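With chain E fixed as given, assemble chain W onto it according to the hints.
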Amino acid sequence: MSSPEVSGISVDVDHNPYLAEGTGTVDAIVSITAGDDVVAAVAAPPDRLEAIIIDCSTSMQSPIGKFDAAKRATAAAIDELVDGTYFTIIAGTEKASAVYPRDGWPTPASAATRAEAKRAVDGLRPGGGTAMGTWLAHVRGIVVGHPGMLTHAILLTDGKDEHETPEQMRQEIALSEGQFTCDCRGVGTKWHVEELRAISSALLGTVDIVADPTDLADDFADMMRTSMGKSIPDLTLRLWTPAGARIAFVKQVAPTVEDLTHRRVEAGNQRGDYPLGSWGTEDRDYHIQVEVEPAAAGREKLAARVSVVAGDEVVGEGLVNAVWTADTEKSAQISRRVAHYTGQAELAQAVQEGLSARKSGDVPTATAKLQRAMELAVESGNDGTAKLLRGVIEVDERTGTARLRREVAAADEMALDARSTRTARVRKED
Amino acid sequence: MTDVAGRPAPEGQTACPQCAAIGDSADRFCGSCGATLSDIRRVAIPRGRDALEGAEAPCSDCGNATFVDDYCTVCGHRRPEPDRDEAELGAIVLITDRGIEHARNEDAAAAGMVVDGGTERPYAVALAVCDGVSTSGDPQIAAVAASKAGVDAMLAALAAAGKGRAVVLAGLAAAANAAATAGTDPSNPPSCTYTAAAVVPTPEGTLQITVGNVGDSRAYWFPEEPTPPQQLTVDDSLSQELIAAGASAESEVVQRGAHTLTRWLGADAEATPWSDSSVLTVTTAGPGWLLLCSDGLWNYLPEPADIARFCTGVEPAAAARALVAHALQCGGHDNITVVVFPIGGAHEFA
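As they're listed, the protein sequences go chains E and W. Position 393 (the first sequence) corresponds to 383 in the working numbering; numbering is contiguous. Position 130 (the second sequence) corresponds to 131 in the working numbering; numbering is contiguous.
It is worth saying that the hints were derived from the structure and are not from the lab. Note that the structure is predicted; figures quoted are calculated from it, not measured. Here a beta-carbon is modelled for each residue, glycine too, at the ideal position from N, C-alpha and C. Hints may be right or wrong, so weigh each one.
When the alpha-carbon atoms are kept at most 20 angstroms apart in a straight line, the in silico DMTMM-like pairs for lysine to aspartate or glutamate are as follows [said to hold, decoys possible]:
hint: 1; chain 1: E; residue 1: K241; chain 2: E; residue 2: D273
hint: 2; chain 1: E; residue 1: K241; chain 2: E; residue 2: E184
hint: 3; chain 1: E; residue 1: K108; chain 2: E; residue 2: D205
hint: 4; chain 1: E; residue 1: K320; chain 2: W; residue 2: D186
hint: 5; chain 1: E; residue 1: K85; chain 2: E; residue 2: E157
hint: 6; chain 1: E; residue 1: K320; chain 2: W; residue 2: D139
Example chain W residues on the side facing chain E (calculated, C-beta under 7 angstroms, incomplete) [what the hints assert, rightly or not]:
hint: 7; residue: Y72
hint: 8; residue: V75
hint: 9; residue: G77
hint: 10; residue: R79
hint: 11; residue: H103
hint: 12; residue: F350
Same shape as in the complex, but just chain W:
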């Protein structure tokens, strides 16, 4: 079961879709302009152990079925975090999975839209994927905070009719701030990647897809054939820098540097670890799939066409699950997160 879209964010703050004033999520009307606030829909994963509610697995130690505060009521064993969380928001499907090798999931994803309260059609959509840097302390805290803050800030900017580029930059700034302030141990602050997309219809009947990223989580656009699938983001990694400097993608130095980040979000990052080239906008008329993912997926499917193959002729949930299953079959060396958003065209928007 998916989280109820539009449930107030736990942070307790939300932005008015009309005037972008920040108010209490519990408010039904904007304290600034009086507009109804029920037109924001949001979801974020992973939702932790609570996601297991209703479908509780018995204690892995003693088989007892009840837990209080996540501890088994018989043997005291702490219930593990669920390995996977899935959510849907409209046509958007989000999955995050611990993978096989890592002890915990340090990825996070969030999605949100500003909708017409009557038809539930979106005015605009915002997506984000974050991947915690595993050498930092408790990176999942930064990943969760940055993905949620990024989507919230993009929704606020979208509600204020911001243009795609400004919207994504607003999300980047909020995500950077959230990641920088998320940790509790200043000696080893958490850090994460951040990849976001904003989808806004234009008056011309086309759609503007704007992506922005810090780190090596990616965004792809898979238009209908024959237009080739496209990677929209450029990794902030050592190998990418070497390739840019002329090294061969197949060379050993490039292979070794594939997972060395040159930019990230967190307290120990640069103030604005992004540049103009970190944000890119494409305009499209026709249908296609927008996909965001962490390197736990693209490691096994490095070429855009490899991933695009999974996204034809199936429901988005089936496509997302098949992609995650593929990464797991290949070894699941990292956490795997994927967000897919099939877009028919501007007519699907309000």
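Pulled out of the complex, with its shape left as it was, chain E reads as follows:
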């Protein structure tokens, strides 16, 4: 498989290189940016394959209008397909079945195939169960038949994964990892955020709630447009660390928090690879923490070499050095961005733990976690999360006392959960 030429990805490292004697923890924020020029310069982007999975379980019948909205959303996504993009529409129930093309073999988009596909979608009738693992398996089968293509799926559901075991679903997710990317959307409030997050996180996609079915069409069109903009196929973050060092974690921290630590694939010569998925014109930030062997004041070591790899080629690189010093004023400083993203990761965790405690009826833990989340969201300027938090917890601004709201709209709570990993960028210098 040949990979298109990619060059000029910029890699910026932000960290305080100074360490006190006897310490060895190096934190760095690595920003990776693919600019317009980089994306435009991709010599020969690979063929693209889009799969839209629409939940056709019986529950999609109610309330009235939900299934029609899902069909309209699928049609809106089909309209965004760039000519020549291979695509297929899949009906998801307790099994997956091809809607268009009938034989399940993806076809290039054109005015004619888009129209045919929309007619086929329009004829869909809900009826059946929900086994999302089988849906993923179906897409995987298509990927195997189309090696080298950049495959992206959109998965829409309204309910819980019921007609397979959680273990079956986990296995299917694991088998699909690295094969294709998948954005997941839940419509209504009967689906489970953790289920869809497990899929979207492993398959490097997004997850969100679309509480009102009438918003689906815009959301689907958006997702498809974003996917059409991703012309850089799989990038890899390659991390070299010195002998004796330990990588504490590698996390994507913007636009969302995503722990990549366990996705490491050994690449030899003290290097490990972390898949980053496909890219359009965008920038993402990563927080890397490495434990190196402490050294004497005055010594300097390379704590990590961060390379961005496309195919076999290094297309961007940044160095994370460590300098030991006896000057505590230097070593005590924490990089502003490291501090910011450490807070954002804690925020995501506090929201998820708080909501989980709330569900299990542990009011004191839920209150403490969500109050802490509120502080972090307000401090860091994460207005989106702060606004959603206000839907579940009340904080008296004068006294600082917090209490959980008694009446919480299910959609608000699910939106907070689904969007908990979204981070705010570092604010400009005040």
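Same frame as chain E, now just chain W:
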């Protein structure tokens, strides 16, 4: 191995030897007068870690032999700057050494000549030594910039057939500007000394040696015996001022003030920290050695005759190495830089 003489300066600019117009170093011909630009030969030290290329020492931490971006590819240890760099340009030998006590080398030296492209004989020669002021921030940046800029400006002036005094003053001005603009931290700008020499043959068959200095790096002229060796520069130091005011060279105040500079180059220096008396010309017919050095050498060999002893009956490289070795044996309390140029006479010039 020495740097290839005549390799374009990294700054990317060079002066035409015919008309002195400044052009891109990569140009083979002057954009102004069309003259060939291949007749400038230059060298500057220290050349940093790159000087170790080809003769790489293994990592001092883990013994691994490969480095990328100066970091060991196994343990990540940053390769130290080489302790010493040596270069030759024609008969000129330059050595700079970290010494023993200082953590890094903040000295720099440069040499250049305008040559006849056919015979490689020089029309004229320019030398400079700089010593970074260790109390300033990153003084080695100023030392490197000033020594290179000084030699470049002198070469441009020499190429335009300037007289020795004007040539050295042009070098001083360029070096002062380079040192003043070299730093990145305005709260603690780097500063350095500057001592330069220009050697130009005269129509009478003699040689004019013009020296200029700011600070306490020195230039010496060692003619053949019986003419006594001569210190050509006057230190810009507190002790020198006290001696000028009548204090004894052996007195305690003079000894204490030996390393207190009264003039230097850098952003925090006077606009032109030199005077008429900072530039001196001697004319010579006979052979001798011109030597420039930082105080890391002359501290241990304060009298001209002390240094001159090393410069008889040996090759210039051997003499320069022996001088540096002497300073190291005496303790190497400072960085040591020496430039020696044995001159047979005007007949060696084009």
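Structure-based check of each hint:
A hinted pair counts as satisfied when its Cα atoms are at most 20 angstroms apart, and E:K241 with E:D273 qualifies at roughly 14 angstroms. Distance hint between E:K241 and E:E184 is fulfilled; the C-alpha atoms sit about 19 angstroms from each other, no more than 20 angstroms. Distance check on the hinted pair: E:K108 and E:D205 sit about 19 angstroms apart at the alpha-carbon level, within 20 angstroms; holds. Taking the CA atoms of E:K320 and W:D186, the gap is about 16 angstroms. The hint holds against a cut of 20 angstroms.
Straight-line distance between C-alpha atoms of E:K85 and E:E157 comes to about 16 angstroms, which keeps the hinted pair within the 20 angstroms bound. Straight-line distance between C-alpha atoms of E:K320 and W:D139 comes to about 17 angstroms, which keeps the hinted pair within the 20 angstroms bound. Taken as an interface hint, W:Y72 checks out: its beta carbon lies about 4 angstroms from the nearest beta carbon of chain E, inside 7 angstroms. Because the closest C-beta pair between W:V75 and chain E is about 5 angstroms apart, less than 7 angstroms, the hint holds.
Interface hint status for W:G77: upheld, as the beta-carbon distance to the closest one in chain E is roughly 3 angstroms, under 7 angstroms. The interface hint given for W:R79 is met, as the beta carbon of that residue sits about 4 angstroms from the closest beta carbon of chain E, less than 7 angstroms. Restraint check, W:H103 versus chain E: the minimum CB separation of about 13 angstroms is more than 7 angstroms; hint violated. Interface hint status for W:F350: violated, as the beta-carbon distance to the closest one in chain E is roughly 47 angstroms, over 7 angstroms.
Hint compliance for this structure: hints 11, 12 are broken, all remaining hints hold.
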